Amino acid sequence: MASSARVDLDGNPIKAMTICMIGAGGFIGSHLCEKLMAETPHKVLAVDVYNDKIKHVLEPASLPWAGRIQFHRINIKNDSRLEGLIKMADLTINLAAICTPADYNTRPLDTIYSNFIDALPVVKYCSENNKRLIHFSTCEVYGKTIGSFLPKDSPLRQDPAYFILKEDASPCIFGSIEKQRWSYACAKQLIERLLRVPENGLEFTIVRPFNWIGPRMDFIPGIDGPSEGVPRVLACFSNNLLRGEPLKLVDGGQSQRTFVYIKDAIEAVLLMIENPARANGHIFNVGNPNNEVTVRQLAEMMTEVYSKVSGEPALEVPTIDVSSKEFYGEGYDDSDKRIPDMTIINTQLGWNPMTSLWDLLESTLTYQHRTYAEAIKKAISKPVASS
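Numbering-wise, full-length UniProt numbering puts 162 at position 162 of the sequence shown, and it's gapless, one number per residue.
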């Protein structure tokens, strides 16, 4: 149970608050709800269209935190109840988004609406009612690194000044307008700029996640998501491993990424929630620069880890190369590296990620195997109906 003597980073008692969490039923929201219920006295007004990933937090009524979390099935696009919930809360956290790269390319209009137009009322209600807002943005707002425009053989490509991403200094460099892949990043960046307009008078914090990984991330196509769906890279690779298929490496898997464990990242969010004097007005990178790999290296690690947790031998040919056009369609583009500078979050909140890439993959793939392996075996073994 949560202790009543909890204090913030400056030694001040932490008062119980009511939090309106928009997008509470998703991957990040489910872990944040767990954390808030298990370790704090705060109340949560959980807003989403679906609650499958938080049912274990909502039911049964005998849970020790029963009464501190309420689920409100609301589509924020068109529901007048949203303002009332924001008014009832001390803090609003907006997690709602379309955030899978395949959708940026094939559903650019939905992506822009979800990440910009649908977020506007949240900003408006928080501003008009003097409510604090923690808004989830994305590391994608950085776009391409400066180093990616240098000649391939330039020694400056190895200089961190040309690729480390800093919240208060790095430019946001996107591809051409023809590349629909940047619709998500543009929409997210525009909301960030709106939050920073002084006329709004908002108390705000912006979170830029760098590939948060863990149980309940995304979906497995054909099991708890659409068969034709394309989730983010880790769930894509998990799906391949569960089905005994080679992992598809887009354009050779040369892009570099960093990955952070969801439970480490949620610790950072809790610090933002409970230390408003240190968090307000700041943008925070939340990632783990120590867990940097190419997508190809990630595939190789996941193949090895999955073989360990499942007891199944790895495929003789574990990966195959596919073009981005073949995998995502026309108009795809990508960034070469995404490595966060951690100075601001470390200085303001004293946060550092703890979990190694191997450990977070082992935790995640153990969950994926336990949750999906049997369902996939049944799906694969079903006879195909003849026409």
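To be clear, the hints were calculated from the coordinates, so they are not data collected in a lab.
Predicted model only: the values in this text are computed from it and were never measured.
Cβ atoms here follow ideal geometry from the backbone N, Cα and C, with glycine treated the same way.
The reader is advised that the hints may include incorrect statements.
Label-pair restraints from in silico Cβ distances [claimed, not checked]:
| id | residue 1 | residue 2 | range |
| --- | --- | --- | --- |
| 1 | 154 | 201 | 40 to 48 Å |
| 2 | 50 | 190 | 44 to 52 Å |
| 3 | 7 | 344 | 19 to 27 Å |
| 4 | 148 | 113 | 25 to 33 Å |
| 5 | 356 | 117 | 35 to 43 Å |
| 6 | 56 | 154 | 47 to 55 Å |
| 7 | 178 | 63 | 25 to 33 Å |
| 8 | 190 | 322 | 47 to 55 Å |
Q) Hint numbers the structure violates, sorted upward? A) 2, 7 and 8
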